[in-house]
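Colleague: The listed protein sequences correspond, in order, to chains A and B. The opening position of the first sequence corresponds to residue 0 in numbering that gives the first Met the number 0, with each subsequent residue numbered one higher. The opening position of the second sequence corresponds to residue 0 in numbering that gives the first Met the number 0, with each subsequent residue numbered one higher.
No wet-lab data here; the hints were simulated from the structure. Careful: at least some of the hints might be erroneous.
The calculated lysine to any residue pairs, modelled on SDA-like cross-linking and capped at a C-alpha distance of 25 Å, are [to be verified]: (1) A/Lys74 to B/Arg22; (2) A/Lys74 to B/Asp26; (3) A/Lys74 to B/Arg35; (4) A/Lys74 to B/Ala38; (5) A/Lys74 to B/Leu28; (6) A/Lys74 to B/Asp39; (7) A/Lys74 to B/His27; (8) A/Lys74 to A/Asn152; (9) A/Lys74 to B/Thr6; (10) A/Lys74 to B/Met33.
Derived CB-CB ranges, DEER-like [stated by the list, open to error]: (11) A/Glu7 to B/Ala48: 24 to 34 Å; (12) B/Glu41 to A/Pro153: 53 to 63 Å; (13) A/Glu7 to B/Ala66: 52 to 62 Å; (14) A/Lys93 to B/Asp30: 49 to 59 Å; (15) B/Ala64 to A/Ala12: 46 to 56 Å; (16) B/Glu20 to A/Gly160: 26 to 36 Å; (17) B/Ala38 to A/Glu67: 15 to 25 Å; (18) A/Asn19 to B/Asp30: 24 to 34 Å.
Predicted model, so just to flag it, every value in this text is computed and none were measured. Backbone N, C-alpha and C define an ideal beta-carbon position, used for all residues, glycine too.
Here are the chains, one letter per residue:
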Amino acid sequence: MAFDALSELDDDALLVLYANGDREAARLLTLRLGPRVLGHARRLLGDAAEAEDVAQEAMLRLWRIAPEWRPGEAKVTTWLYRVTANLCTDRLRKARGGHTGLDAAPEPEDDRPGPAEAMQQSARMDALQQALDALPERQRQAVVLRHIEGLGNPEIAGIMGIGTEAVESLTARGKRALAAALGGRREELGYGED
Amino acid sequence: MAKTDTTGPLGDAALDALLAEARDTPDHLPDALMARMLADAEAAQDARAQAVAPAPQRRGRLARAFAGIGGWPALAGFATATVAGIWIGISPPAVVSDGAAYYVSGGGAAEDLYLVDTMPAYDRIAAEVQEDA
Numbered sequence: 000m001a002f003d004a005l006s007e008l009d010d011d012a013l014l015v016l017y018a019n020g021d022r023e024a025a026r027l028l029t030l031r032l033g034p035r036v037l038g039h040a041r042r043l044l045g046d047a048a049e050a051e052d053v054a055q056e057a058m059l060r061l062w063r064i065a066p067e068w069r070p071g072e073a074k075v076t077t078w079l080y081r082v083t084a085n086l087c088t089d090r091l092r093k094a095r096g097g098h099t100g101l102d103a104a105p106e107p108e109d110d111r112p113g114p115a116e117a118m119q120q121s122a123r124m125d126a127l128q129q130a131l132d133a134l135p136e137r138q139r140q141a142v143v144l145r146h147i148e149g150l151g152n153p154e155i156a157g158i159m160g161i162g163t164e165a166v167e168s169l170t171a172r173g174k175r176a177l178a179a180a181l182g183g184r185r186e187e188l189g190y191g192e193d
Numbered sequence: 000m001a002k003t004d005t006t007g008p009l010g011d012a013a014l015d016a017l018l019a020e021a022r023d024t025p026d027h028l029p030d031a032l033m034a035r036m037l038a039d040a041e042a043a044q045d046a047r048a049q050a051v052a053p054a055p056q057r058r059g060r061l062a063r064a065f066a067g068i069g070g071w072p073a074l075a076g077f078a079t080a081t082v083a084g085i086w087i088g089i090s091p092p093a094v095v096s097d098g099a100a101y102y103v104s105g106g107g108a109a110e111d112l113y114l115v116d117t118m119p120a121y122d123r124i125a126a127e128v129q130e131d132a
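Model the full structure from these sequences, guided by the hints.
Modeller: Right under this line is the structure:
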């Protein structure tokens with residue numbers, strides 16, 4: 000099938016094609032899902048190298064489960080977020096909370112803003128990542144899924160295996176903790192001079 | 000943006016703006032990682048294709064011997080012969096039982112089988128010679 004025609008298919012259909020041996024479906028799924036998995040892992044772990052390992056492992060699990068995938072039962076992205084979060088949790092437990100958040104924030108390579116603005120944006124994202132790193136694991140996961148990945152509470156509840164009320168509680172507490180952690184960093188965020 | 004909040008927690012608007020900025024920052028997939036993911040994907044496809052392909056048949060010695068005697072059709076013939084043998088043993092036809100009687104009985108009837116005259120004309124020739132004499 001042509002690449003253009005494939006790109007209009009949803010993740011479910013692409014996964015079925017992939018399971019049937021379609022190489023283009025594999026490529027398109029990687030392009031579509033790889034960045035999201037990597038970004039999610041990076042925000043949960045605060046470590047770029049570890050996040051790459053987790054993202055590769057999560058995608059590998061997707062490739063392996065593809066033949067048994069039942070279209071329509073669950074969203075591919077929901078499944079991937081759950082697998083990614085579980086892999087991150089395993090890594091964080093092994094590291095006993097000793098992740099190295101300081102130098103690991105994502106570096107945006109798209110430098111359409113001017114260099115000064117890019118540096119400011121990078122500093123803001125660094126500060127946000129460090130504040131996220133300081134949150135309890137579940138709060139961090141809920142805040143990232145709700146406010147950065149932009150998912151709805153029912154989907155987050157499915158990913159985290161909890162009720163929607165628990166999601167609301169976690170995101171509310173997480174946001175309060177973030178606000179408190181970032182309150183003393185207004186200069187870094189570029190908000191101090193406003 | 001949070002103009003008057005210079006101390007204490009960051010205001011809601013500022014925090015929401017920061018999170019929105021993070022949401023709008025595209026996640027970049029490094030080329031090397033993309034290549035590793037694709038290699039995994041294709042390796043998984045190849046492994047599955049090999050697993051699905053039928054394995055070449057390897058027949059053992061017994062299977063080859065079985066095929067040598069004709070396989071299942073021959074076995075059906077053996078089975079028929081076996082059943083027929085059992086049936087004849089249980090309920091023998093007259094011709095079988097009469098013939099068998101010569102072998103199983105120890106009496107004179109059995110001896111008759113062995114009294115075969117190999118030169119039936121010799122007695123008559125001998126008698127004629129005797130008469131001439």
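Colleague: For each hint, tell me whether it holds in the structure or not.
Modeller: How the hints compare with the structure:
A hinted pair counts as satisfied when its Cα atoms are at most 25 Å apart, and A/Lys74 with B/Arg22 qualifies at roughly 20 Å. Between the alpha carbons of A/Lys74 and B/Asp26 the distance comes to roughly 20 Å, so the proposed pair stays at or under 25 Å and holds. Restraint check: the Cα-Cα separation between A/Lys74 and B/Arg35 comes to about 24 Å, which is no more than 25 Å; the hinted pair holds. The suggested pairing of A/Lys74 with B/Ala38 holds, with an alpha-carbon distance near 24 Å, which does not exceed 25 Å.
Annotation: proposed proximity of A/Lys74 to B/Leu28 holds, straight-line Cα distance about 22 Å (limit 25 Å). Of the pairs offered as hints, the one joining A/Lys74 and B/Asp39 holds, with about 22 Å between alpha carbons and a cut-off of 25 Å not exceeded. Between A/Lys74 and B/His27 the CA atoms are separated by roughly 22 Å; this keeps the pair inside 25 Å, and the hint holds. Simply put, A/Lys74 and A/Asn152 have alpha-carbon atoms about 15 Å apart, close enough for the 25 Å limit, and the pair holds.
Distance hint between A/Lys74 and B/Thr6 is unfulfilled; the C-alpha atoms sit about 43 Å from each other, more than 25 Å. Restraint check: the Cα-Cα separation between A/Lys74 and B/Met33 comes to about 22 Å, which is no more than 25 Å; the hinted pair holds. The given range of 24 to 34 Å is respected by A/Glu7 and B/Ala48, whose C-beta atoms sit roughly 26 Å from each other. Restraint check, B/Glu41 to A/Pro153: a C-beta distance of roughly 35 Å breaks the suggested window 53 to 63 Å.
Checked against the given bound of 52 to 62 Å, the beta carbons of A/Glu7 and B/Ala66, roughly 54 Å apart, stay inside it. In this structure the hint that A/Lys93 and B/Asp30 lie 49 to 59 Å apart at CB is violated, the actual value being about 28 Å. The hint said 46 to 56 Å for the Cβ distance between B/Ala64 and A/Ala12, and at roughly 52 Å that hint holds. Taking the beta carbon of each, B/Glu20 and A/Gly160 are about 30 Å apart, inside 26 to 36 Å as hinted.
B/Ala38 and A/Glu67 have their C-beta atoms about 22 Å apart, which keeps the hinted 15 to 25 Å range intact. Take A/Asn19 and B/Asp30: their Cβ atoms lie about 27 Å apart, and the range 24 to 34 Å holds.
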